[in-house]
Amino acid sequence: MTQYQNLLFPPRVIAEPAVAVEDAIQIVDLFAGPGGLGEGFSSSGDGRHFDIIVSAEMDPVARRTLRLRAFYRLLKREYPEGLKGYYQYCNGEAAEPSTPETAEFWSRADQEARQITLGSDAGDKELNGLINDRLKKDGRPWVLIGGPPCQAYSLAGRSRNQAKQGYVPENDHRHFLYKDYLRIIKDYRPTVFVMENVKGILSSKVGGKGIFAQILEDLVDPTKALDNAEGGQKYKICSLVSEESFSSADCMDRVNPKSFIIEAEKYGIPQARHRVILLGIALDEHGNVPPHDLLKTTDPVSVRQAIGGLPKLRSKLSKRSDSQEAWYQAVADEVDDLLHHAELESGELIAPLRATRQALFNAPKSSGGERVLKEQGQGNTGIPSLDAWYQDPKIKYWMSHDARSHMLSDLRRYAFASTFAEHNKYSPKGHQQFSLPGLAPAHKNWESGKFSDRFRVQLAGLPATTITSHISKDGHYFIHYDPAQCRSLTVREAARLQTFPDNYYFEGNRTQQYHQVGNAVPPLLANKIAKTVYDIVCRRVAECLDVAGK
Numbered sequence: 041m042t043q044y045q046n047l048l049f050p051p052r053v054i055a056e057p058a059v060a061v062e063d064a065i066q067i068v069d070l071f072a073g074p075g076g077l078g079e080g081f082s083s084s085g086d087g088r089h090f091d092i093i094v095s096a097e098m099d100p101v102a103r104r105t106l107r108l109r110a111f112y113r114l115l116k117r118e119y120p121e122g123l124k125g126y127y128q129y130c131n132g133e134a135a136e137p138s139t140p141e142t143a144e145f146w147s148r149a150d151q152e153a154r155q156i157t158l159g160s161d162a163g164d165k166e167l168n169g170l171i172n173d174r175l176k177k178d179g180r181p182w183v184l185i186g187g188p189p190c191q192a193y194s195l196a197g198r199s200r201n202q203a204k205q206g207y208v209p210e211n212d213h214r215h216f217l218y219k220d221y222l223r224i225i226k227d228y229r230p231t232v233f234v235m236e237n238v239k240g241i242l243s244s245k246v247g248g249k250g251i252f253a254q255i256l257e258d259l260v261d262p263t264k265a266l267d268n269a270e271g272g273q274k275y276k277i278c279s280l281v282s283e284e285s286f287s288s289a290d291c292m293d294r295v296n297p298k299s300f301i302i303e304a305e306k307y308g309i310p311q312a313r314h315r316v317i318l319l320g321i322a323l324d325e326h327g328n329v330p331p332h333d334l335l336k337t338t339d340p341v342s343v344r345q346a347i348g349g350l351p352k353l354r355s356k357l358s359k360r361s362d363s364q365e366a367w368y369q370a371v372a373d374e375v376d377d378l379l380h381h382a383e384l385e386s387g388e389l390i391a392p393l394r395a396t397r398q399a400l401f402n403a404p405k406s407s408g409g410e411r412v413l414k415e416q417g418q419g420n421t422g423i424p425s426l427d428a429w430y431q432d433p434k435i436k437y438w439m440s441h442d443a444r445s446h447m448l449s450d451l452r453r454y455a456f457a458s459t460f461a462e463h464n465k466y467s468p469k470g471h472q473q474f475s476l477p478g479l480a481p482a483h484k485n486w487e488s489g490k491f492s493d494r495f496r497v498q499l500a501g502l503p504a505t506t507i508t509s510h511i512s513k514d515g516h517y518f519i520h521y522d523p524a525q526c527r528s529l530t531v532r533e534a535a536r537l538q539t540f541p542d543n544y545y546f547e548g549n550r551t552q553q554y555h556q557v558g559n560a561v562p563p564l565l566a567n568k569i570a571k572t573v574y575d576i577v578c579r580r581v582a583e584c585l586d587v588a589g590k
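Numbering (the numbering used here), first residue to last: 41 to 590.
Heads up, simulated DSBU-like pairs for lysine-lysine below, C-alpha to C-alpha not over 35 Å straight-line:
| no. | residue 1 | residue 2 |
| --- | --- | --- |
| 1 | Lys124 | Lys352 |
| 2 | Lys414 | Lys356 |
| 3 | Lys405 | Lys434 |
| 4 | Lys469 | Lys298 |
| 5 | Lys490 | Lys306 |
| 6 | Lys274 | Lys226 |
| 7 | Lys306 | Lys469 |
| 8 | Lys298 | Lys336 |
| 9 | Lys436 | Lys306 |
| 10 | Lys356 | Lys434 |
| 11 | Lys469 | Lys245 |
| 12 | Lys469 | Lys513 |
| 13 | Lys219 | Lys298 |
| 14 | Lys359 | Lys436 |
| 15 | Lys116 | Lys177 |
| 16 | Lys306 | Lys571 |
| 17 | Lys336 | Lys276 |
| 18 | Lys226 | Lys571 |
| 19 | Lys264 | Lys276 |
| 20 | Lys465 | Lys298 |
| 21 | Lys469 | Lys352 |
| 22 | Lys436 | Lys571 |
| 23 | Lys306 | Lys219 |
| 24 | Lys245 | Lys219 |
| 25 | Lys414 | Lys465 |
| 26 | Lys359 | Lys484 |
| 27 | Lys336 | Lys219 |
| 28 | Lys274 | Lys176 |
Hints are computed from structural coordinates only; laboratory data are not their basis.
Source: prediction; values computed, not measured.
Full structure from sequences and hints, please.
This is the structure:
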């Protein structure tokens, strides 16, 4: 065993926290999506704490986004003058992000961000080869991150599955994709791992047994779980927001699974995204792990703070000729008709609907586009640290700030719902509150109560509700709070609520971009987790150095 295998990390890292690139802690990112977790880790310590050696994602478009961001990171870290081509690409001034001068970096980014289907023989073989080739062999600590796909665990996914004739959970391979993650832990023994999933995993069952309990038991002893053998590396599974933990010596009955849920809005994310995030720490030879700091709560960030500074847009008209004048007249007619019915009922929304009708005189003329020119002062949140995270003065445009087209019936619902929410400070629900004529959708179960949240306004003064991949299908759950804009959120607004920096370019068409954003981990939350992980590794190294010194 070499010195570094004994100490786990070179001594100079402790002496120099701002380490050189070659000394950064290596990262493997599985089920990477567009790179939310990876972005948070790779930006930690101004990009010097962690180095992603491979990120694996099966979706080809998300993989293109990963590759582009890997290219950006490499240039920023090693060849900043080469970023000119990246910015030209983002600003629509170049068809490709790389130039002859940066071709080497583009090739390296292509090798880092890989399209790999985990769980397949070919995918597992490719991943093994990449890790074997790139993971340093001197025993340095490294970190595994990622979130196995959640469709089989989410409440919505389980509802869809139950409706499928002959569906058998035990035969759904998606329940067991975490075992591909587990296999990497067993074979390569990361010092720390971070595993993310939907909170529906806490109640999901396969074969009558809770899947979460099974996952915890497997993660603490991967060798026993996969090989039914002793002697492998063991782990302690810790919460990032409470003192809850689980190890092989603990009784599962005493574990509170909800203690592993991170409620993102409590940690400065402008979104009420509740996810299970497990922190796995390798046990030392005495069965101990270094202490770790819990995430620090902070003041909530509202939807208005996150996206209110972006250019205002109108929606577009679906299935008819669109123009600013035609859109204005269509929305005004719908609001006038709503106001007429409200007056007949002497409803409380008379004054709010009149205010919305008046606001339409100053409604935005633009419906946005793939790129919307930035103006001085746009995009500020009023929170200096958040502005520093989001903004990049070299980006000349708001990318992917393009409003959807909506049918007249939906424009009517959006105008009503946003007016209602602005007045009542909550989004209207169900047929009892969508009571004016013409608001009920053609849905046979509309009055059953099962779809009472079908049209949801993102309230200006609160964090958003969870941005999910459903936003790629329609905008009904993601209605903008401003009645005069009468639309759903754009990709860029959704990306801001997910805390993607403004210079983060999403490849693909608009639907594909929405899907990537909705599936991601908020990068700013990942960045805060990365700080905790970095401290754990440094403490582990310090402990090893102390033991060696004695």
